[in-house]
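Fit chain B to the given chain A structure using the hints.
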Amino acid sequence: MSYQLKTEDADEALLREALADPGSERSRQAASQLLGRYKDAVYQWCFRYVRDHDGAMDLAQDVLLRAYRKLDTFEGRSRFSTWLFAVTRSTCLNAVQSRRWNVDSEYELESLVDHAPGPDKVLEMADDQEAMLRVMAQVLDPQEQEAMVMRYFECLPPDEITRLLALTNRTGARGLLQRARRKLTDAIANDQRPEATDG
Amino acid sequence: MADELDLTGLDAVAALPVDASERRAWDEDPHRRALLREYLAFVASEPAVGSRAGEASERLGAFLHENIAQPRQAPIRAGRFLRWQPALAVAAAVAAVAVGLSVWSPETEFPPALRGPAADSIVLSQPVVAGDVLVFDWTAPEVHEQFSIVFYDLELNEIHRSGPVEGGALRVSIANLPAGFSGQEVYVRVLAVEGTSVLDRSSMATVRLP
Numbered sequence: 005m006s007y008q009l010k011t012e013d014a015d016e017a018l019l020r021e022a023l024a025d026p027g028s029e030r031s032r033q034a035a036s037q038l039l040g041r042y043k044d045a046v047y048q049w050c051f052r053y054v055r056d057h058d059g060a061m062d063l064a065q066d067v068l069l070r071a072y073r074k075l076d077t078f079e080g081r082s083r084f085s086t087w088l089f090a091v092t093r094s095t096c097l098n099a100v101q102s103r104r105w106n107v108d109s110e111y112e113l114e115s116l117v118d119h120a121p122g123p124d125k126v127l128e129m130a131d132d133q134e135a136m137l138r139v140m141a142q143v144l145d146p147q148e149q150e151a152m153v154m155r156y157f158e159c160l161p162p163d164e165i166t167r168l169l170a171l172t173n174r175t176g177a178r179g180l181l182q183r184a185r186r187k188l189t190d191a192i193a194n195d196q197r198p199e200a201t202d203g
Numbered sequence: 002m003a004d005e006l007d008l009t010g011l012d013a014v015a016a017l018p019v020d021a022s023e024r025r026a027w028d029e030d031p032h033r034r035a036l037l038r039e040y041l042a043f044v045a046s047e048p049a050v051g052s053r054a055g056e057a058s059e060r061l062g063a064f065l066h067e068n069i070a071q072p073r074q075a076p077i078r079a080g081r082f083l084r085w086q087p088a089l090a091v092a093a094a095v096a097a098v099a100v101g102l103s104v105w106s107p108e109t110e111f112p113p114a115l116r117g118p119a120a121d122s123i124v125l126s127q128p129v130v131a132g133d134v135l136v137f138d139w140t141a142p143e144v145h146e147q148f149s150i151v152f153y154d155l156e157l158n159e160i161h162r163s164g165p166v167e168g169g170a171l172r173v174s175i176a177n178l179p180a181g182f183s184g185q186e187v188y189v190r191v192l193a194v195e196g197t198s199v200l201d202r203s204s205m206a207t208v209r210l211p
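Note that the protein sequences, when read in sequence, are chains A and B. All residue numbers for the first sequence refer to my numbering, where the first residue is 5 and numbers rise by one. All residue numbers for the second sequence refer to my numbering, where the first residue is 2 and numbers rise by one.
A couple of the hints might just be wrong.
To be clear about the criterion: a stretch of chain B counts as covered by chain A if any three or more of its residues have a C-beta under 8 Å from a C-beta of chain A, and this derived list gives those stretches [to be verified]:
no.	stretch
1	47 to 54
2	142 to 149
3	159 to 167
4	171 to 179
So these bits of chain B aren't anywhere near chain A, every CB distance computed over 12 Å [claimed, not checked]:
no.	residue
5	Ser22
6	Ala70
7	Val124
8	Gln127
9	Asp133
10	Ser183
11	Gly184
12	Val208
If you anchor each label on the Cβ, the simulated ranges turn out as follows [to be verified]:
no.	chain 1	residue 1	chain 2	residue 2	range
13	A	Glu12	B	Ala180	40 to 48 Å
14	A	Leu23	B	Ala176	26 to 34 Å
15	A	Asn173	B	Ala176	53 to 61 Å
16	A	Asn173	B	Arg25	25 to 33 Å
17	A	Arg73	B	Leu210	13 to 21 Å
18	A	Ala24	B	Ser183	45 to 53 Å
19	B	Glu195	A	Gln182	43 to 51 Å
20	A	Arg20	B	Leu155	49 to 57 Å
Just so you know, these hints were derived from the structure itself, not from any lab. Since the structure is predicted, the reported quantities are computational estimates derived from the model, not experimental observations. A virtual CB, placed ideally from N, CA and C, is assigned to each residue, including glycine.
Bound-form chain A, shown alone (with noise of 0.2 Å):
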């Protein structure tokens, strides 16, 4: 997996000038031009989740604000990008859950429910992360876990997971996906049949 990151010298550069005289014309012009460095990729993010220009332009202005009324809380302990990459991320999950967007039934985690008996306790295993998370551990193999914690915890679409798991099959991630759940399905609902008693 390759990837290229900013030059970090220059990014911190600019941060120190950012929060040397917060409110300053120098401290905001600096601001200004470290996050205008990842302007481009915050879009991108942003459009991945939502799909649509309009959209993505209002999130991206939304998590760029954002960065800038929290950057006296950037402690260094990691590159700025990782720290924007989690400011962005945060603020497109909340905003996928709050709104709605990128929301397909068929895929919603809850629709377990349908198939398996026991529905309490899929909910409650779905609302419980580490517990969902120990079942797929369980029946999923580690694409298959993978592409659901993208699709249920991250609220990516699956397009977006067919291309980060650079799958090449004809359904992609909802291929994947599908067969997950079944998985999934099958394992609650043997988990939840009562055990056979003899005679």
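Just chain B now, with coordinates in the frame of chain A:
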């Protein structure tokens, strides 16, 4: 939930060889593996099919310039006050034109638009607190029929939405807003909507709740 994960180590892990023990340990967790993949895609910033990268880059650059590098005070819109004071409105317009002509030259650069040409087609006047209600009014192109007012906290999380309504004004009872924002500033803007689709939007305004 997913956003509670600590992402601090992502860049360090991303820089490790895939067979490094720390990287392998990270990759064993499907959620961490997914996040690493997402982070690498984020920094790679490859244009998505259907995205308008060039336009977005230009407009976001202008947005940063106007809102961070060279922020200006929120423009005073020709809203309620000038509507009721036609003489003042005319005088203000004449003065503005006179000043404009006196400083204009062919080389003058116009400030970049915040959201492109159509962005300010909806203009929200400064909201007014009147007793226990917030009064909003706005102007919008005639093509838009229904509008919603959206409230955001200072972290830009949506906290309330009123409407949709027809026309150019809306009174929102403060009692309908979520608790905990009394005395605080919030952002607001007006959206032109049709069903669940957002057709256009105004710039943000701020209002301090009583």
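Q) Can you list which hints this structure breaks, lowest number first? A) Violated hints: 2, 3, 4, 6, 14, 18, 19, 20; rest satisfied.
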